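J.: Take a look at the letters that make up each chain.
Number of protein chains: 2
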Amino acid sequence: MDRIESVKNSKVKQWRKLHTKKEREATGTYIIEGLHLVEEALKTKDIIKDLILCEDITMPTHWNVDGLNIILVTNEIMKAISDTEAPQGVAAICEFQNQHTPNTWKKILLVDSVQDPGNLGTIIRTADAAGIDGVILGEGTVDHYNSKVIRSSQGSIFHLPIVKGNLLEKVMDYKEQQIPIYGTSLQNGISYNEVKSTEQFCLIIGNEGSGVNADLLEKTDKNLFIPIYGGAESLNVAIATGILLYHLRG
Amino acid sequence: MDRIESVKNSKVKQWRKLHTKKEREATGTYIIEGLHLVEEALKTKDIIKDLILCEDITMPTHWNVDGLNIILVTNEIMKAISDTEAPQGVAAICEFQNQHTPNTWKKILLVDSVQDPGNLGTIIRTADAAGIDGVILGEGTVDHYNSKVIRSSQGSIFHLPIVKGNLLEKVMDYKEQQIPIYGTSLQNGISYNEVKSTEQFCLIIGNEGSGVNADLLEKTDKNLFIPIYGGAESLNVAIATGILLYHLRG
Chain A
0 MDRIESVKNS
10 KVKQWRKLHT
20 KKEREATGTY
30 IIEGLHLVEE
40 ALKTKDIIKD
50 LILCEDITMP
60 THWNVDGLNI
70 ILVTNEIMKA
80 ISDTEAPQGV
90 AAICEFQNQH
100 TPNTWKKILL
110 VDSVQDPGNL
120 GTIIRTADAA
130 GIDGVILGEG
140 TVDHYNSKVI
150 RSSQGSIFHL
160 PIVKGNLLEK
170 VMDYKEQQIP
180 IYGTSLQNGI
190 SYNEVKSTEQ
200 FCLIIGNEGS
210 GVNADLLEKT
220 DKNLFIPIYG
230 GAESLNVAIA
240 TGILLYHLRG
Chain B
0 MDRIESVKNS
10 KVKQWRKLHT
20 KKEREATGTY
30 IIEGLHLVEE
40 ALKTKDIIKD
50 LILCEDITMP
60 THWNVDGLNI
70 ILVTNEIMKA
80 ISDTEAPQGV
90 AAICEFQNQH
100 TPNTWKKILL
110 VDSVQDPGNL
120 GTIIRTADAA
130 GIDGVILGEG
140 TVDHYNSKVI
150 RSSQGSIFHL
160 PIVKGNLLEK
170 VMDYKEQQIP
180 IYGTSLQNGI
190 SYNEVKSTEQ
200 FCLIIGNEGS
210 GVNADLLEKT
220 DKNLFIPIYG
230 GAESLNVAIA
240 TGILLYHLRG
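Protein sequences, first through last, are from chains A and B.
Here numbering that gives the first Met the number 0 is used: the first residue of the first sequence is 0, the next is one more, and so on.
Here numbering that gives the first Met the number 0 is used: the first residue of the second sequence is 0, the next is one more, and so on.
So that you can see chain A by itself, here it is in the shape it has in the complex:
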C-alpha cells in the first residue's frame, strides 16, 4: 500500500490532469470518485488501475480489493484531484475498455453530437436499463470519460459497451446486416407510434439544439418523431431517448 502526502507529488499532478480529455486519451485512463461509482467499478475489477483512499476513510467491509493497487492520500490531495464540492474520500483511476465488438450488436444506440455531459450520462444509464447492446458516440459528442458524464451515468458506464466511431460508416455497416436504422427528426419523420418493436434496431439521436445531422438522416430507413401534445417546444434528448428505446424494444 503506497502513501502520498504532498499535493506536489508527480502522481497527484498526473491524476489532476485526467480531468482533461487530452490527458485521458494520452494515458488511456480516467478518474472516478465517490463510494457508489467506485463500488460499481469494483464489479469489473480489471478496469481499476489505482484505488485512492483518504487516510481517514474506512472502506466498506464488503468491498473485495484483493490484488488492487491501493494508495492512501491526505484530505488535501483528495480535494485537489476531485471535481465535486464534497469529495467522499474514495477515488479510482480506471483503464479504458477497448475490447468491444460493435459489429455483433443487434440493438444499438448512435449518439450524434450530444453536448451536455448530464444528458449523455443519463442517456447511457437509460440505454443500459433498456438492455441495449452498445452505444456508439459520433464526433462532436462529449467524451464519455468526462467525470460529469460518468456521474450521471450512475455506473452504467461500466456495464454498457461504449465506443467512438464514424456514424455514417456504422450506419452503412448495420444496413448491410439488415438491421433497421431509425433516425430522429421533427421534419419529414413519422410518429414513433407507427413503428413496431423489433428484435434488432439501430436508433440515432442528435444534438440538443440541431438534432441529427442531415447526412445521417438521408441514410436511415425511417426517421421518427415523438408528438408534442401540449405547449412544450420539444423534449429533452435523454427523455426522448428513453421513450424511443423502450418503445422500440417493446
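Since the hints were made in silico from the structure, they are not lab data.
Since no wrong hints were added, every one of them can be taken at face value.
Copies of the same chain look alike in the list, so a pair counts if it works inside one copy or between any two.
Calculated lysine to any residue pairs in the SDA-like style (CA-CA distance at most 25 Å, straight line): (1) Lys42 with Glu232; (2) Lys147 with Pro116; (3) Lys105 with Asn192; (4) Lys105 with Ile227; (5) Lys218 with Val194; (6) Lys147 with Glu84; (7) Lys7 with Leu52; (8) Lys147 with Gly229; (9) Lys16 with His35; (10) Lys195 with Gly249; (11) Lys20 with Glu75; (12) Lys21 with Asn206; (13) Lys195 with Arg248; (14) Lys78 with Ser5; (15) Lys78 with Ile46; (16) Lys105 with Tyr228; (17) Lys42 with Gly229; (18) Lys163 with Gly230; (19) Lys147 with Asn206; (20) Lys105 with Ser233.
If you're wondering where the values come from, they're calculated on a predicted model, not measured in any experiment.
Use these hints to put chain B onto chain A, whose structure you have.
T.: Just chain B now, kept in the frame of chain A:
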C-alpha cells in the same frame, strides 16, 4: 419606465430575496431570467409584474411589451439579482398562477417528494409535451418556482397548470371520478406494458431514492414498474415519467 442605479435600492433587495421560497410565498411572486424564459412568459403576459432590463440590452423587436412595467437597471444590479453565471440582461418578476381547477383534469401527474430541481423541471417539460392537463406537487417536492426548476422546465412552467396539494386527498378525489390511479413501484407492481393507454389517468411518481410513499401506493388501482433489462439499477425519475406518460396517453 423606471430606472434603478443602486444595488441598495429596496426593490433590488426584495428581488434578491425571491431566490428563497419564503419570500416567494409571502409575496406570491417569483423571478425568472434569460431571453428564452422571459419570451415564454410574455406569451402569458398577465403573469409578468415587472420586466427588468439591463440598460445596454436591446429588446428583441418582436416582443410586445405594451402596458408592462419596465425597469432599467445596471449590469451590477442584474448580476446581483441573477443566480446564473452569465446573466443575459433580461429578467422578470412574475405572479403565481392560482386560478387552476384540478378537479376538472382528466390526465393528471402527481409528484411525491421529487427533490432535485433539474428533475422536477424536466418532469414538468415532459408532462407539458405529453399533453397532461395538470401536475399536482405533494409535500416534500421541491418548489416549482425555484429558479433551477423554471430553467429546466424550458418555459413549460408557464403553459402547464401546476398546483400544490395533499396527494392522498387528490387520489381519493380522482378515484371518486373513476379515473384510474397508477402508482409506480419496483415491488409488487406490474410491468407498465400490461396497462393499455386510456383517455383518463392519474399517474403518481416518487422520490429519487425512496419512490412513492407507501400510504399512497395502497390507494392506487395498479402500481407500475418499468423493466430493467440491462445492468442499471434504476431509471432517472424524469426518464421514467416520460416513458410512462407517453405509454399511458398512447
